[in-house]
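The residues making up each chain are set out below.
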Amino acid sequence: MRDLYKRLGISPAASDTEISAAIEACQHTALKAEASVVLGVKSRREEYDRLHALLCDIGRLRARLGLSHGQYWLDNAANDFSMSPDNDHSRHEALVHKVTQAVALHDTFLRWRRYAPWIVAGGFALITTATLAVGFVAG
Amino acid sequence: MATTRFSPFELLLLKSRNQTDTAALLLLTWVAASKGSLSETDRHRIAAMSASMRHGHDCQAIIDIGARQDLDAIQLAAEVLQKDRWGAQASPFLRQAIEVAVTEGTLAAATNHILRFLADLLGTAPQPFAQLYREVTGKPFESPDDPSRETYWQAREHARQQQRSQSEQRQRHSQQERSHGSSRQGHERPHGDKALRALDILGLDATATRSEIKKAYRRLAQSHHPDRFFALGERDVASASMRFQKIQKAYEYLMQDARFI
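The listed protein sequences derive, respectively, from chains U and F. The first sequence maps to residues 1 to 139 in UniProt numbering. The second sequence maps to residues 1 to 261 in UniProt numbering.
Read the hints as simulated data drawn from the structure, not as lab findings. It is possible that part of the hints are untrue.
To be verified - Keeping only pairs whose Cα atoms sit at most 25 Å apart, straight-line, the calculated DSS-like set for lysine-lysine is: (1) F:Lys215 x F:Lys246; (2) U:Lys42 x F:Lys194; (3) U:Lys32 x U:Lys6; (4) U:Lys98 x F:Lys15; (5) F:Lys194 x F:Lys249; (6) F:Lys215 x U:Lys32; (7) F:Lys83 x U:Lys98.
As the list claims (entries may be wrong) - Quick look at which bits of chain F chain U covers, simulated, 3 or more residues with Cβ under 8 Å: (8) 108 to 114; (9) 120 to 127.
What the hints assert, rightly or not - Calculated Cβ distances over 10 Å to all of chain F for the following chain U residues: (10) Val37; (11) Leu67; (12) Trp73; (13) Asn79; (14) Ser82; (15) Thr108; (16) Tyr115; (17) Ala116.
Glycine included, each C-beta is placed from N, C-alpha and C at the ideal position.
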């Protein structure tokens, strides 16, 4: 499938008037005829848009998973819906990173909890001595 | 902290006893949901498939996530599956995906694209995948329909028109029988049989006017002109020229008919 929006140079969210203007301005007669047949009718455009959104998703997935040159991704769909590969978007690595962070946070919490009674006791003693000292000086 | 907040699918994956099965279930739901909305039969089918898996958590939760078609969750599932089921172990999962994808023998274009993506994801070459598809469904794996082409819509409307004309013909037959039954004296019908057939070819009914006939003829002649099918091969050109001649003859017959002047 071809990306008619890309070929006409408009966004997929364009309004009907924008589309008809782009079709008017299009120089390529074959594309002009086909775009008006497909995008000019509301029900057809809706069906086309559904497949268009899915192919955009698949194009993004393929770019992120390194499948932009898969054997089943060769014709028009590959030309129009491929994106530049971005390998820094691995969800699995992100998940591993998140889990590591959560574990580290939990470890810190455990370590501090071990010292918690001493810290509380120390603080309490400090406050008591301070109050006593203030009472002494005042009294 | 924002970075340590997990999405629902990530939580399910972490709790799962078998992460690969959880990921496979999510992708199967994605395949089923791409046909439109997730029907009850699809839910039951996926639940039945999940009975043999060892994920050890509620499968309804994962079906609900899959029905939302969340791209991040799908990507995570794809990564897990690619890691664990690449190559030779792929075919059981692909078999399940094909079973879910095909309902009543038809494969939607969107589902077709997803199957192609899954085959590439698991490193299955087109030929073995097509063979697997034929084994499961008994039909060849065809390339997806292309709604960005004019011919796709023409074929659809042609099929619809044929259906309509068939039902009209049936109606007309029943009307004729009724009129025969009531008055056998032989009242002349407004149009003869031949004129009606000619109108039928142009997709019109008995009330059509001369200008409507002209318009219909121009439209049909344009869309069925043999020159349009030159690129598709000799057979298509031949069938198109037959249709074109039929349309032309019908038009000529109607034009010399006195009732349409």
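Check your understanding: Does threonine 108 (chain U) really sit off the interface, with its C-beta more than 10 Å from all C-beta atoms of chain F?
Key -> The claim stands: threonine 108 (chain U) keeps its Cβ more than 10 Å from every Cβ of chain F (closest is about 12 Å).
Point to revise | Hint consistency between lysine 98 (chain U) and lysine 15 (chain F) [alpha-carbon to alpha-carbon, up to 25 Å] | key: Judged against 25 Å, a Cα distance of about 15 Å means the pair holds.
Review point. So is serine 82 (chain U) really clear of chain F, every C-beta pair being over 10 Å apart?
Key: holds (13 Å)
Check your understanding: So is alanine 116 (chain U) really clear of chain F, every C-beta pair being over 10 Å apart?
Key -> The claim holds: alanine 116 (chain U) sits with its nearest Cβ about 21 Å from chain F, beyond 10 Å.
Review point. Within 25 Å, alpha carbon to alpha carbon, are lysine 194 (chain F) and lysine 249 (chain F)?
Key: holds (11 Å)
Check your understanding: Is the Cα-Cα distance between lysine 83 (chain F) and lysine 98 (chain U) 25 Å or less?
Key -> holds (19 Å)
Exercise for review: Against chain F, does valine 37 (chain U) hold up as non-interface, every C-beta pair farther apart than 10 Å?
Suggested key: Answer for valine 37 (chain U): violated, closest chain F Cβ roughly 5 Å.
Check your understanding: Holds or violated: is the Cβ of asparagine 79 (chain U) farther than 10 Å from all Cβ atoms of chain F?
Key -> The claim stands: asparagine 79 (chain U) keeps its Cβ more than 10 Å from every Cβ of chain F (closest is about 12 Å).
Point to revise | Exclusion check [tyrosine 115 (chain U) not at the chain F interface, CB over 10 Å] | key: holds (22 Å)
Practice item. Could you grab the alpha-carbon distance between lysine 42 (chain U) and lysine 194 (chain F) and see if it respects the 25 Å cut-off? Key: Distance ~37 Å between lysine 42 (chain U) and lysine 194 (chain F) Cα, so the pair is violated.
Practice item. Could you grab the alpha-carbon distance between lysine 215 (chain F) and lysine 32 (chain U) and see if it respects the 25 Å cut-off? Key: Measuring from Cα to Cα gives roughly 22 Å; hence the hint holds.
Check your understanding: Checking the smallest CB distance to chain F, is leucine 67 (chain U) really beyond 10 Å?
Key -> Its Cβ does come within 10 Å of chain F, the nearest being 5 Å, so this is violated.
Violated hints, listed in ascending order, are 2, 10, 11, 12; each of the other numbered hints is respected by the structure.
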